[in-house]
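Trainee: Sequence:
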Amino acid sequence: MTYEKAVTYILDIPKFTKKNDPAHTKMLLRLLGNPQEAVKVIHVAGTNGKGSVCAYLDAMLRSEGRRTGLFTSPHLVKMNERIVIDGCPISDDAFVFVFEKILSCVRRMEEEGLPHPTFFEFLFAMAAAAFAEAGVEYAVLETGMGGRLDATNTVERPLVSVITSIGMDHMEYLGHTLEQIAGEKAGIIKPGVPVLFAETSPESDGVIERTAEKRGSLCKKIGKDAYEILGIEDKHIAFSCSNAYYGNTTWKLNNIGTYQPANAMLALEVMRILFGDSGHPDVWREALSGVKWVGRMEEVLPDVYVDGAHNLSAVEAFAASVLPDVRGRVILFSAVKDKDYEDMISCLCRNVQADFYVVTLIADRRAAQAEELGRLFERYTDKPVIVTENVKDALRYILARRGERRVYCLGSLYLAGMIKELIQEEYGCSTMRKN
275 MTYEKAVTYI LDIPKFTKKN DPAHTKMLLR LLGNPQEAVK VIHVAGTNGK GSVCAYLDAM
335 LRSEGRRTGL FTSPHLVKMN ERIVIDGCPI SDDAFVFVFE KILSCVRRME EEGLPHPTFF
395 EFLFAMAAAA FAEAGVEYAV LETGMGGRLD ATNTVERPLV SVITSIGMDH MEYLGHTLEQ
455 IAGEKAGIIK PGVPVLFAET SPESDGVIER TAEKRGSLCK KIGKDAYEIL GIEDKHIAFS
515 CSNAYYGNTT WKLNNIGTYQ PANAMLALEV MRILFGDSGH PDVWREALSG VKWVGRMEEV
575 LPDVYVDGAH NLSAVEAFAA SVLPDVRGRV ILFSAVKDKD YEDMISCLCR NVQADFYVVT
635 LIADRRAAQA EELGRLFERY TDKPVIVTEN VKDALRYILA RRGERRVYCL GSLYLAGMIK
695 ELIQEEYGCS TMRKN
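Okay, so the sequence shown: first residue is 275 according to our numbering, each after it adds one.
What the hints contain is simulated information worked out from the structure, not anything from laboratory work.
Cβ atoms here follow ideal geometry from the backbone N, Cα and C, with glycine treated the same way.
A couple of the hints might just be wrong.
Unchecked claim - Simulated crosslink set (BS3-like; lysine-lysine; CA at most 27 Å straight-line):
no., residue 1, residue 2
1, Lys-488, Lys-464
2, Lys-352, Lys-657
3, Lys-375, Lys-293
4, Lys-464, Lys-314
5, Lys-495, Lys-526
6, Lys-293, Lys-352
7, Lys-464, Lys-495
8, Lys-352, Lys-292
As the list claims (entries may be wrong) - FRET-style restraints, in silico, Cβ to Cβ:
no., residue 1, residue 2, range
9, Lys-611, Thr-282, 37 to 43 Å
10, Leu-433, Glu-663, 46 to 52 Å
11, Asp-599, Glu-430, 48 to 54 Å
12, Arg-675, Lys-300, 53 to 59 Å
13, Glu-386, Ser-516, 51 to 57 Å
14, Arg-640, Asn-517, 40 to 46 Å
15, Val-600, Glu-663, 29 to 35 Å
16, Asp-638, Gly-497, 33 to 39 Å
17, Pro-598, Tyr-283, 35 to 41 Å
18, Asn-517, Arg-484, 21 to 27 Å
19, Gly-564, Asp-599, 22 to 28 Å
20, Arg-489, Glu-699, 44 to 50 Å
21, Gly-466, Asp-638, 37 to 43 Å
Between the sequences and the hints, there should be enough to build the whole structure, so can you do that?
Mentor: The following block contains the structure:
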């Protein structure tokens, strides 16, 4: 089996299967020897900020000298990005090795008349096998969607459950109110396992607190008063912590997103639960400052940023993070059709003044049509709106006409990934994360 054939097989999975219940994933894991039980798991759910919290946790755990596994989604350029060991995506050879291991178990299940795992279920099983094979001590697992029925929720006894900010996303699957969505996310809370969550709204906060109480779990809310943003300087954001545990020091993140200190604070509080007085906040500080999490207000070329904001709450957070700039701005936007993209566009036009907007079509079957996106921008702004069907042409158009302006690309993680891949091809430079 070659790496290319393994990836093609995984990409084709959605064509011949449907989502299974957690018992199906548990059976697959049992056939693998329950590799998830060989590691200490930190389980992370939420609407926005999951990937960043996972990346911060992974970096700080490694700063404590621990071997780590990190499972996140989606990937932006290469599928290996989803399975990271000790800070590095697994090699193509390791990818093929665990792929074949899972495929062998899947064939046994099919012989017994059981359905094939979904795309995400298959990759989660690969990650669990890869982590056990590598002998990692801690695994940080990001849910794919929701929490209660997510494949990652088959881990029965994580060390800590973490829930990031809650917003309106995937409503067709998770519900149409914050309470309903929070209920799905709170499904990761296990009896007696501590849960930390980001303060979002009284509706969602209450659901999490009540679920934790029912399950006898220590529950801690991390509010906006847990930290103070000190400023943005040299493309870093600085903040301080209000708790004396962290000392009287300034923390820096290699990112300008004003939403990132909240994510870092959530990760810090998890580390405090895990390590207590034996922890080393001084090395955590250095680890956090070195994290470059791909696709989150990431500078991929000088003054060109990609941000994975793909729902209204994420776009609102993006808008709050845009740098004040007398030189002007350009927005490149695309989206998938099952998102609330009209509200996203309206928010952008109200809150981020741009000299012109470019909309494009991402290479995905769920892509929203560029012409439709263009009409919506024209409804909410009197600035020029350029519709370009091809992402490569859209990027070239902007780079040729931006002058001294800053460029922000957002609306879809697929767009972020396509732009990063184009830059690697066109400019011969990689924007991959290096911690």
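Trainee: Hint by hint, where does the structure go against what was stated? Just the numbers, ascending.
Mentor: Of the numbered hints, 2, 9, 17 do not hold.
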